[in-house]
Amino acid sequence: MPRKMPYYVEPYDLVGRPARFLEAFAAILEHSTYGPVIDFYARLKTRCARCPDLCPVYQVTGEKRDIPCERSDMLLEVYRRYFTTRGKMKGRLLDDFELTDEYLDDMAESYWRCTACRRCKLECPMGIDHGLITHLARWILSEIGIVPKALVVSVREQLEGETKNTSAIPVPALQDNCAFLEDEIREMFGYEAKFPIDVKGAEWVFFPAVSDYLLEADTLMGIAVVMQITGGSWTIGTGDFDGINYGLFYSDRMLGRIVRNEAAEVRRLEAKGVLAGECGHATRAAKGFIPTYAGGENAPPVMNIMQYTHRVWKEGKLPLLAGAIKERVTYHDPCNIARSGWILEEPRDILKHICADYVDMFPNRRENYCCGGGGGSVSIDEIREFRTKTGGKAKADQIRATGAKYVVAPCANCKKQVREVCEDHGLSEVETVGLHDLILKAIDWDRVKNVKKETA
Amino acid sequence: MDAWLDFARGPAFRFALAVMVLGLLRHFALALLSVRAILRRAGDKTLPVTQIRKATLSWLFPVKKLGHHTLFAAASVLFHLGAIVAPLLLAAHVTLIEASTGLAWPALNPLAADILTLLAIGGLLVLFVVRIAKRAARDLSQRSDYGVLLLVLVPFVTGFLAAHPGLNPFPFTAVLLLHFLSADLLLFMFPFTKLVHVVLLPATQLVSEAAWRFDPDAGEKVAKALGKENQRI
Ligand code: SF4
Ligand code: SF4
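The listed protein sequences derive, respectively, from chains A and B. Residue numbering for the first sequence follows our numbering, starting at 1 and increasing by one per position. Residue numbering for the second sequence follows our numbering, starting at 1 and increasing by one per position.
Below are the DSSO-like pairs computed for lysine-lysine, each with C-alpha atoms no more than 27 Å apart in a straight line:
1) A:LYS164 / B:LYS224
2) A:LYS164 / B:LYS221
3) A:LYS389 / A:LYS4
4) A:LYS149 / B:LYS221
5) A:LYS314 / A:LYS272
Hints were generated in silico from the structure; no laboratory data involved.
Taking the hints into account, I'd like the entire structure generated from these sequences.
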């Protein structure tokens, strides 16, 4: 009998699950490019036990099932038994391993205990990418109906709902929201910054995590101000204004559909590329997969807003006050942009300039710990305790050790998770913010106004 | 006895060597073919080449990892150094290989060879101790992991004893025969055990990056195969 999962799953067909899992696995092996990879990994089993030292989940639980190599081996074992000649023969002769309902439940639990942060890969001499195996395992599981409800409802609304975004914000509400933010900026700073909407021919189409429109006013105002001051050419598209891509976390089918929509919106607006907001997974999903699903070499380029801001600041177009933020500040590297060594120094350069007291957490950059809510798990409220106390413990310890007042987490998912981690670990004085929230506080308005006068 | 020795270092050795070389070549070729197969179907055919090269080199020549972390990491690096260099450059081996294959190269001086052999043996013992002492390693280990340690240990120990008759309490010929046979077995087993990592390691960073290069139509094809093309989410 199937076990109750730690996360809510919508009702699905419970009959013959192992057989249907194998059917889905077979279809994916046949029609995707995972086959050769899985076959390669299945032959590589050194079991050297270096990876558990790097996994934040294992470090807390010490449980065998949380060893990265062990977790990956769960799926590889199914592959060896059912999809290799040797395994099929051995299975027939020795009857040694069979995919049961229980084994399936163990996988369903295990592959959602891993945040796919890929930290473990750093120390694997064999370069095994456990994040990839988790990614694949979740896809197969989702094809038989095992997937956290929190993620499916979001994707459903984004791909097939009326509003076409994960927060179900209707276009008029978006427009109101933007007008409201423009008013706020005017009131606070006496400055006219625009949130351009549906401007054809703008250079960049803006894709933040759509939840920022509800939760992160300061981040968005910071971005709009930076764009206005530096003459950035950007627009929000009413056809698609949500960078969130939960397909990255459970299904390549959804991943592909979501990034295709983004690329289509860029083409509709005759823009050059995607400007991803402060969001790790949205940025990686677009950067990593728009070329795959929307045109290969001719796909629209993808840039993260922090890269843009860093560039214009370096070019001298963005006047920022040195040391404007007096309290201690630290920076959390979102796994999806930092693990591969992609965006590391841009935010740090800016922070070191505008903060009087900036400290790095340790370890950091590529080796940084996941916030504990990666891989979409942050959306699953029913596992909050696991997320914050287990997966997020290393993060809490890191933050505490810095003694920082502000944690800059330039990612919608990390922000939610870091706030909850701080709440659950008694770090109530810590405030979690975006990079552009602090930039907004550090704008040298005198020089901005001067710049405007000079050019006028 | 002599006939046995000749067999073990003659035909049996050549057979084991052939199995090892062919088997490992096959594994390596499969790895490269798999990358080609992926890229042929991938929507994005580019790869982060610099990153791959850096990661591969850092594991092929793990100098930096030496000071890193743990006793285990250091032992592992030293073991690999000894285990790769000593057998290849030992004078007696060079002669034997030349006799079997016609290929020859300069040999190591005996003291250096001894040190490397002892590094290999010492490293192996530390690896064994870590495997049983460290909880995660113990949890992860299967019988074959201990088997492989033994498989590698025997030829090194018997080889060392054979080279130092003064330290060897056992009958010389028996030790020598055991050395030959265990070494043959070790070579033979390379392609069939986790020892294949010796040829897969140089390819693995490449495979792991290529792994994220998906077939753009995979999703639709999978949906069709599972009868879900028109199903709502
Ligand atoms: S990807 Fe992250 S959470 Fe998953 S096993 Fe590796 S280190 Fe642990
Ligand atoms: S570090 Fe790599 S090879 Fe070693 S146990 Fe972990 S996954 Fe296996």
